[in-house]
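Asks: Fit chain B to the given chain A structure using the hints.
Residue strings, one per chain:
Protein chains: 2
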Amino acid sequence: MQVQPDRFLQDLHTLRSFGASGVGKGVVRPAFSDPDVAARTWLFDQLAAASLAPHVDPAGNVFGLADEPSILLGSHSDTQTEGGWLDGALGVIAALEIARAAKETGGPPVSIVNFQDEEGRFGVLTGSSIYSGKTTLAEADTFTDVNGVSFREARSAMADLTGELIPHAQFTGFIELHIEQGSTLDEAGEAIGVVTDIVGSRQLQVTLTGQQNHAGTTLMHQRKDAFQALSAFNTAINDRLRNIVTPRTVWTIGRVHLRPNAPSIVPGEVVFDVQWRDVDDDRLARMETLIRDLVSGIAEEHGMTAEIVPIKALQPVPMDATLRAALCAGAEAQASGKWREMPSGALHDASNMACLMPAAMVFVPSIGGISHDFAEDTNEADLIIGLRVLADAVSRLS
Amino acid sequence: MQVQPDRFLQDLHTLRSFGASGVGKGVVRPAFSDPDVAARTWLFDQLAAASLAPHVDPAGNVFGLADEPSILLGSHSDTQTEGGWLDGALGVIAALEIARAAKETGGPPVSIVNFQDEEGRFGVLTGSSIYSGKTTLAEADTFTDVNGVSFREARSAMADLTGELIPHAQFTGFIELHIEQGSTLDEAGEAIGVVTDIVGSRQLQVTLTGQQNHAGTTLMHQRKDAFQALSAFNTAINDRLRNIVTPRTVWTIGRVHLRPNAPSIVPGEVVFDVQWRDVDDDRLARMETLIRDLVSGIAEEHGMTAEIVPIKALQPVPMDATLRAALCAGAEAQASGKWREMPSGALHDASNMACLMPAAMVFVPSIGGISHDFAEDTNEADLIIGLRVLADAVSRLS
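If you read the sequences in order, they're chains A and B.
Quick note: the first sequence, position 163, residue 163 per the UniProt record's numbering, numbers continuous.
Quick note: the second sequence, position 387, residue 387 per the UniProt record's numbering, numbers continuous.
Don't read these hints as lab results, they were simulated from the structure.
Don't take every hint at face value.
Since the list gives no way to pick one copy over another, a pair counts as held whenever it fits inside one copy or between any two copies.
Dumping the calculated DSSO-like pairs for lysine-lysine here, alpha-carbon to alpha-carbon at most 30 Å [said to hold, decoys possible]:
| hint | residue 1 | residue 2 |
| --- | --- | --- |
| 1 | K25 | K224 |
| 2 | K103 | K134 |
| 3 | K338 | K224 |
With the rest of the complex left out, here is chain A:
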């Protein structure tokens, strides 16, 4: 099959015009916003024009279907409140170009999908969660955004195009092209990352309760200062985790609330989230044991009570070996010596699809590792390499 890079880039820029922020190439196109609905309707028309039977399911996922069971390519075109022009949009437009080119130039049958609400205006990977059956439509209908708008209300914006859910048996596998969203490829000067696994993640919310006091009259040895306990926890956890992690394991304390959070009051309580990610579920579990033990130890040492609430526990998802091998062969053919295999530190629709069928992912570089930001970008030469690697892999699989 012969893909057309110029047409692919032109379509990417056209998609960018829906919700263009006016700041660099930035886009504001959250799920079911007016620009999102307009973009999905535009895609619907492109699919019809290419004779790729367009179909919208009740979740707002837009499909373009080959005439027979086929590989499925795609990603999502909704964005964060301040998003980039590529993110998942890249994978949708690459899928469009490859399915179209395959039809035009005698390639294998290819279907495409544009999942809805990957970015979580309403849930987490809402569209692919409904498609995979992890979440029922009835459950999702009760989800609301930060302004109280429900998924049910929001999805009525596409009601006139909506049909049934597509049977999973329509597809033989799923491949998602996406930007890396990290700086590994950019720093290495490489063009392609073939994903080995989507990392699992766990998150605990910890509350340490000491004693609120006057910051002038309470001597240091009399204090039960919740911030000091958090700081001691953080120092100790960094030391202890170092023995059991790999260079790609990450852990983060990203949210901290002190009470009462006033400069003249010794803080009596802190609530914080500790989150960690790795490709190895056993390691995630060992990290959890270590974190829980340390919270207890710090609480005892600082005269505090501790409460731990599990917030999430997502298992790592390995990518399918056959699809991976095709992507590696494609990468070596299109970008010899300038690609690597690597895990995905971020969650993607491919996590949900892997429960249904063989699934894989391929990354192009993010300049400076920036994503979820108007400044997100990738060199167009690398976008084209990504398109070619995906097309190459599809050809090899047929």
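Replies: Coordinates of chain B only, in the frame set by chain A:
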């Protein structure tokens, strides 16, 4: 002079009824609230009944004046939003009892004052700041509370009683009886603390700016995590300060704001306040140098920019030697072996009065060190010892 402990306790309990919270002995009586105005009006009437010329100045400070220049005793009867029944109210009612008893039983002339808004609904020590000339009435009129009510609007509630500012020359010195608000006396089983100095305090607001990133795709070595920088600062500052502080020096990080403060995002910025207090202004300055140097060092080490904004710098205020000696003699006479000299870790109206005239303070214990809380309390036996020590000191000074 012969003070009457029963009358003193009865007056304290009567004052408690203005704004009683219904939770233990707690009181809700912020400056110029209805209960505060009612309490000040009640005091005005008690002063009139005792022939202690009652007078309200434009700031809402209530005076009871002896016929000639005299020592001035007092404190404040406004409370925090959730306050205790004693706090400054103790010093006001002790002053009333001593001035009244002196008049009745042939003691020296004694005047009393009940300062307004010591607790800072509008400013910091607002009433005594206006009285001492640190703040002009016109400046204070522009201060607003958290709901946007101005001091000017609020003080109109006592307009019908308001006269001029009282000349400073009316008073030969100022002594304030107050609860300790810490646990030093309570833990030592002592009844009296004669204050040596009111500690000075300094506060810096520090902003560390790193790089906000995705908590899944940004590897640990690639991060510029503002929370990690804060934690490193906190650990290092605790170590370094230990070499230059005394057991009564205190320092606090009580307010912390991460941005964006989300569990899945590496925090790109932290704003925090570091505050420290000591009786020695040189030590406060050495601590500031050390803190500023460390902020710079941490910022450099973690690849961050740092901004430091000075929030306050209050010099320590030593208490007057003559008044202190009289209080020590009174303490030894009334509570032999059960008293100590100690600094005040909290700020008080006496700080402002020390600019105008000899000033001193005396503490009674706070059970468990609790204050600014409905649970604040002191044994009544200790309240009476406080009354007797103050009366004794006044007699010795005349």
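Asks: For each hint, tell me whether it holds in the structure or not.
Replies: Evaluated hints:
no. : hint        : result
1   : K25 x K224  : between (50 Å within a copy, 25 Å between copies)
2   : K103 x K134 : neither (32 Å within a copy, 84 Å between copies)
3   : K338 x K224 : between (54 Å within a copy, 27 Å between copies)
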